[in-house]
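Chains as they are written, first to last, in this note's numbering: chain A, 1 to 362; chain B, 1 to 287.
Among the clues, some could well be false.
Here are some of the chain A residues that sit facing chain B, going by a computed Cβ distance under 10 Å [unchecked claim]:
#, residue
1, N128
2, L132
3, Q216
4, E352
5, Q357
Beta-carbon label-pair distances, calculated as ranges [claimed, not checked]:
#, chain 1, residue 1, chain 2, residue 2, range
6, A, I233, B, Q43, 35 to 41 Å
7, A, I233, B, N99, 24 to 30 Å
8, A, Q203, B, T34, 50 to 56 Å
9, A, I233, B, M109, 31 to 37 Å
10, A, N131, B, F49, 36 to 42 Å
11, B, N99, A, P255, 41 to 47 Å
12, A, G195, B, T34, 30 to 36 Å
13, B, I262, A, A277, 53 to 59 Å
14, A, N131, B, M109, 55 to 61 Å
15, B, F269, A, S197, 32 to 38 Å
16, B, I180, A, G234, 38 to 44 Å
17, A, G109, B, F16, 30 to 36 Å
18, A, N107, B, L116, 33 to 39 Å
The calculated SDA-like cross-link candidates involving lysine to any residue, where the alpha carbons are at most 20 Å apart (straight line), are [said to hold, decoys possible]:
#, chain 1, residue 1, chain 2, residue 2
19, A, K157, B, D145
20, A, K157, B, N129
21, B, K100, B, F115
22, A, K130, A, G313
If you are wondering where the hints come from, they were derived from the structure by calculation, not from laboratory data.
Cβ coordinates follow ideal geometry from the N, Cα and C atoms, glycine included.
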Amino acid sequence: MKKALLTLALAATLIFTGCSNDAANTQTAASNEGTETAAVNHPPLHVANWGLFIYEPVLQMFEEEYGIRVIYTTYSTNEELHAMMVHQGAAFDVVTPSDYMVERMINEGLLVQINWDNIPNYRYIGDNFKNLAFDPQNLYSVPYKWGTFGIVYNTTKVDQVVDSWRILWDEQFAGEIFMYDSSRCTMGAVQRMLGFSMNSTSQDELDQVRNALIEQAPLVRAFLADQIIDNMIGGEGILATVYNGCARWIINYNPDHNFVVPQEGSQLWFNSMVIPATTQNQANAEKFINFMNRPDIALLNTLYTRYSTSNMGAFNLLPEDWQNDPIYWPADEILARGEVFVDLGAFREAFELAWTQVLLSQ
Amino acid sequence: MRRLFTYPYILWLAIFVIAPLLLVVFFAVTGTDTYGNTYFTLQNMGQFFEGIIDDQPFFQRIYVVITMRSLRLALQTAVICFILGYPLAYILASKGFRNKPFLIFLFIMPMWMNFLVRTYGWMSILERNGIMNNFLRLLNLPTIDIMFTDSAVLLGMVYNFLPFMVLPIYTSLTKMDKRIIEAAQDLGANPRNVFLRVVFPLSLPGVVSGITMVFMPAAATFIIPNLLGGGQFFLLGNLVEQQFMLAGNWHFGSAVAVVMIILMIVSTFILSRFDRQEEVSEGGMRL
Chain A
1 MKKALLTLAL
11 AATLIFTGCS
21 NDAANTQTAA
31 SNEGTETAAV
41 NHPPLHVANW
51 GLFIYEPVLQ
61 MFEEEYGIRV
71 IYTTYSTNEE
81 LHAMMVHQGA
91 AFDVVTPSDY
101 MVERMINEGL
111 LVQINWDNIP
121 NYRYIGDNFK
131 NLAFDPQNLY
141 SVPYKWGTFG
151 IVYNTTKVDQ
161 VVDSWRILWD
171 EQFAGEIFMY
181 DSSRCTMGAV
191 QRMLGFSMNS
201 TSQDELDQVR
211 NALIEQAPLV
221 RAFLADQIID
231 NMIGGEGILA
241 TVYNGCARWI
251 INYNPDHNFV
261 VPQEGSQLWF
271 NSMVIPATTQ
281 NQANAEKFIN
291 FMNRPDIALL
301 NTLYTRYSTS
311 NMGAFNLLPE
321 DWQNDPIYWP
331 ADEILARGEV
341 FVDLGAFREA
351 FELAWTQVLL
361 SQ
Chain B
1 MRRLFTYPYI
11 LWLAIFVIAP
21 LLLVVFFAVT
31 GTDTYGNTYF
41 TLQNMGQFFE
51 GIIDDQPFFQ
61 RIYVVITMRS
71 LRLALQTAVI
81 CFILGYPLAY
91 ILASKGFRNK
101 PFLIFLFIMP
111 MWMNFLVRTY
121 GWMSILERNG
131 IMNNFLRLLN
141 LPTIDIMFTD
151 SAVLLGMVYN
161 FLPFMVLPIY
171 TSLTKMDKRI
181 IEAAQDLGAN
191 PRNVFLRVVF
201 PLSLPGVVSG
211 ITMVFMPAAA
221 TFIIPNLLGG
231 GQFFLLGNLV
241 EQQFMLAGNW
251 HFGSAVAVVM
261 IILMIVSTFI
271 LSRFDRQEEV
281 SEGGMRL
């Protein structure tokens, strides 16, 4: 028995080491020279952002200009960011959740109100992006990027017109479909397909959405997040659900593809920079947000990430073919069909359970 | 004096093994109400076994389904690792090689790399237009499409856990008293009988610890099914991760962890009995 216990202990160590989560890859963007002396005066600024959502050299530019060291972390879903802040005690100074998560964080008292005197570059933010439902009086959030969600497909392999989410249920494409690994994105698309609101809190509608996705399961190749980009570029599938910015990446590297936002409508998302209540130095966080909204900096960001900027100063500096690109800057009629997520509140648990059931049915 | 030296280890065990275990059990049997008060409940454990008896559609008893799927995959991994690992350990332990330490070094070397990196490596090998299929196309052979299937997950698990099977078996084979084998040969046993009735039974302790060391992490892993299964292979490890990282439900996450610990204890117990039986028969042989 002694030996068995020893084996158990050994195996337990293996389990624990094997499960360490490498998803959040933390890195410092500090350059060797120039920042060391200044860092003495300022605590480092902890910034968390989505993966592929910033042109990282701008972090160094900020460090050099302000002498504040930036520690940069990435996450891949709103829920992951929320868990990092609430359950793992990560003390960030600036984070970039999207709409419904901004609302939830405000309601949970996780954010501080912004001192607008420190962010003069707020004047560059387009009026369309101000006073949105998740922060109606614009007390907590500075718009960063926005976009929509749709279908990217390989035009050499799809003959029919792609204008509905229902094409993802077409058996002709069995094993060629990638779905986005995020509960609200994917279930939201199906909610629109079935004619429901993406913010529905009806259990009956949720069951129908779940059943539709379970029915689709045999056709799906995988549920992935940013990995969809590489897989589509490499021709690993024919259809995928992605954000418009991801679609821009895919089409740039593999021009056989096209992107559409289905007629049933889709989500319209708005990412904002917000300051968590855990901030060590709110004024520095505001300096960072202000810097990110300098038109030349916002321009570098949007050119690299290919996600639409909320900063009209940067938009006006963009080349004309970007300004007129329907994927980068979706047309008004697509926006009219769009819906912005709101926080589901207590219904969240039922929603996540349904999503687990979908993943399990594969 | 000797006892004095054990205190640091006792302290270490208390802080890093016993206390966390108690915390997990505590979270598993408690809940938090809306005012932040903690109360005793068995609801988390009950939730796990929901629908276990009734003949419900699968999504009414998802946690049981997840458990069965995890155990099946872990068992498959252990069996395949054994089938691949035993001959390998046997070859490594046999005298035929001049440069044995170097061979073992070659075998262990890949483990120096982070297993996440190696698993990513498998992704680019297994993709439809990946390294393996491009090579097959070059030879005009049919391609293999297993990325994002259970075969890919199984492959990744076997690859990652194989050394934990081979090394204990290798150790038990090399430690074996060679005179016993010679005695068996002297008494007229043919090579087949020497292996089946002497070598294999004596190496069973190594096999048992190998199976334990493969089975347990395989049942708990979540990164490998995430990467190679394309998010579709929801296992117990994924469930714990989801409850802690996304849902923020530590109580239910802990309940799942407790169920896993119980499963592990039961399987270790079964395996260790198996081990002891062999020791008895070994004693019988000596008579």
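*For the pair we were handed, B/K100 and B/F115, check the Cα-Cα distance against 20 Å.*
Outside the cut-off at roughly 25 Å; violated.
*Falls inside 32 to 38 Å, the C-beta gap from B/F269 to A/S197?*
53 Å, violated
*Taking the CB of A/Q203 and the CB of B/T34, does the distance hold inside 50 to 56 Å?*
At 21 Å between Cβs, range violated.
*A/I233 and B/Q43, beta-carbon distance inside 35 to 41 Å?*
Taking Cβ atoms as reference, A/I233 and B/Q43 lie about 47 Å apart, which means the hint is violated.
*Distance restraint evaluation - A/N131, B/M109, Cβ atoms, bounds 55 to 61 Å*: 60 Å, holds
*Take a look at whether the Cβ-Cβ distance between A/G109 and B/F16 falls inside 30 to 36 Å.*
34 Å, holds
*Would you check whether A/L132 satisfies its interface hint, that is, whether its CB is within less than 10 Å of any CB in chain B?*
Since chain B brings no Cβ nearer than about 25 Å to A/L132, farther than 10 Å, the hint is violated.
*asked:* Just to be careful: measuring from the Cβ of A/Q216 to every Cβ in chain B, is the smallest value less than 10 Å?
replied: 12 Å, violated
*Honestly, do A/N107 and B/L116 meet the 33 to 39 Å range at C-beta?*
Between A/N107 and B/L116, where Cβ atoms are some 36 Å apart, the hint holds.
_Hint check: A/K130 vs A/G313, CA-CA at most 20 Å. Holds or violated?_
The given pair, whose Cα atoms are some 15 Å apart, holds under the 20 Å limit.
*Is the gap between the beta carbons of A/G195 and B/T34 within 30 to 36 Å?*
Holds, at about 34 Å.
*Given A/Q357 was flagged as interface, is its beta-carbon under 10 Å from a beta-carbon of chain B?*
Status holds, d = 4 Å.
Of the numbered hints given earlier, the model fails hints 1, 2, 3, 6, 7, 8, 10, 11, 13, 15, 16, 21; all others are met.
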